[in-house]
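Chain by chain, the residues run as shown.
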Amino acid sequence: MSLFEEYLSLGFWLSEGERLAIYKYLLRTKRRIYKSEALILLEQRTLKTNIANGEIAYELINGEVGFKAREIGEHNFDRCRRSLKISRFRLMAVYKLVRFFAQAETDVLRNYPILKEQDPERRGYSMNVYPYYDLNYYSRGRGVVIGFLKKIQRKDDVLLERLLASSNFR
Amino acid sequence: MSLPKPRPLIPILIKPVVPAWVLIAVIATQVVIMNVGNRNETSCELLFQRPHYSTSLQEKVKIDAVKLNITSSCTENQLHTDLVATISSISGSELKILNKSGVIRQDASREDPTKAHFLEFWTPCKRGGVVNYIGNAYGEVTLRSGKVVPVSNSMDKSLAVLCRPRAK
Chain U
12 MSLFEEYLSL
22 GFWLSEGERL
32 AIYKYLLRTK
42 RRIYKSEALI
52 LLEQRTLKTN
62 IANGEIAYEL
72 INGEVGFKAR
82 EIGEHNFDRC
92 RRSLKISRFR
102 LMAVYKLVRF
112 FAQAETDVLR
122 NYPILKEQDP
132 ERRGYSMNVY
142 PYYDLNYYSR
152 GRGVVIGFLK
162 KIQRKDDVLL
172 ERLLASSNFR
Chain R
-17 MSLPKPRPLI
-7 PILIKPVVPA
3 WVLIAVIATQ
13 VVIMNVGNRN
23 ETSCELLFQR
33 PHYSTSLQEK
43 VKIDAVKLNI
53 TSSCTENQLH
63 TDLVATISSI
73 SGSELKILNK
83 SGVIRQDASR
93 EDPTKAHFLE
103 FWTPCKRGGV
113 VNYIGNAYGE
123 VTLRSGKVVP
133 VSNSMDKSLA
143 VLCRPRAK
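Chains as they are written, first to last, in our numbering: chain U, 12 to 181; chain R, -17 to 150.
A couple of the hints might just be wrong.
[Claimed, not checked] Okay, the calculated beta carbon distance ranges per label pair:
1. U:159 with R:32: 31 to 41 Å
2. U:90 with R:142: 36 to 46 Å
3. R:32 with U:125: 29 to 39 Å
4. U:13 with R:136: 18 to 28 Å
5. U:99 with R:138: 53 to 63 Å
6. R:31 with U:27: 13 to 23 Å
7. R:128 with U:129: 29 to 39 Å
8. R:134 with U:55: 41 to 51 Å
[As the list claims (entries may be wrong)] A few chain R positions that, by computed beta-carbon distances, are all more than 12 Å from chain U:
9. 1
10. 7
11. 62
In case anyone wonders, no lab produced these hints; they're calculated from the structure.
These figures come from a predicted structure and were not determined experimentally.
All C-beta atoms in this analysis are idealised placements derived from N, C-alpha and C, irrespective of residue type, glycine included.
If we strip away everything but chain U, and leave its shape as in the complex, we get (with noise of 0.2 Å):
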């Protein structure tokens, strides 16, 4: 099992700083992937993905793209969580797909993890409420200056580092 295997079952338990350091893996690895869904996205205006024990269901509507989610096991989707205005040229629309879709899969694998056992606490869907890929994430809403400020400052969490070594990534 690697070691991002081993991170699908602890989504409720993460600090923050890992579920940014997982989003920034995805970005890295599942890059090729992510492009060929978006492509994918484009073209059919719909796409269901799915992570841990969690599925995803986006759509995309007047060229703003959504996501909803639900358990895997669960009958509907709930509410849309997260959507993104997105660019008319495909090459812009891609590159914002990517960052779109490694969101939504953190967003998800916080919620919906593969749970070796029942959690005895009873938890809701929560999210941040700023997305990685906004400047405003890291300035908790007080503009995308400071936050490029805060974010240049930041240090990636020590297991991006672990991460990429386990999978072998370059």
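Chain U is fixed; fit chain R onto it per the hints.
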């Protein structure tokens, strides 16, 4: 010789025109209306659980940590709550921020949609140490009706927590 007509002791102008019982009835009605109005006003509050050593974090990710659970509770159903929470330690008069969260959105509980339970705020601790913790949080609640209610609160006082699992 005619005597002047005596003037009334209480001038006519200040004599009550409205009977006393009507006045009481008007005041009573106003009080009732105000109470009904207040009852329609939605209020939300943040409730803090005692900070505690997290057994689940020790079991799952093998770290020693102190957890602070927070619940936002409203008088009507909510959609979700957005919060920024801070866990700090107090030593003498020195306050040190140990963990400040990002802006976290938590869905309303399925069992009781008037509440949203935040179970992910924690900070690592040193095994065997005792630290005084205090927490505060601010944010806003989005109600099912679409109304947004700002909320903020902090723990009344700091609480000492021993960083060690309870003996079974």
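Results of checking the hints against the structure:
no. : hint                         : in the structure
1   : U:159 with R:32: 31 to 41 Å  : holds, 39 Å
2   : U:90 with R:142: 36 to 46 Å  : holds, 42 Å
3   : R:32 with U:125: 29 to 39 Å  : holds, 31 Å
4   : U:13 with R:136: 18 to 28 Å  : violated, 42 Å
5   : U:99 with R:138: 53 to 63 Å  : holds, 55 Å
6   : R:31 with U:27: 13 to 23 Å   : holds, 20 Å
7   : R:128 with U:129: 29 to 39 Å : holds, 35 Å
8   : R:134 with U:55: 41 to 51 Å  : holds, 45 Å
9   : 1                            : holds, 58 Å
10  : 7                            : holds, 49 Å
11  : 62                           : violated, 8 Å
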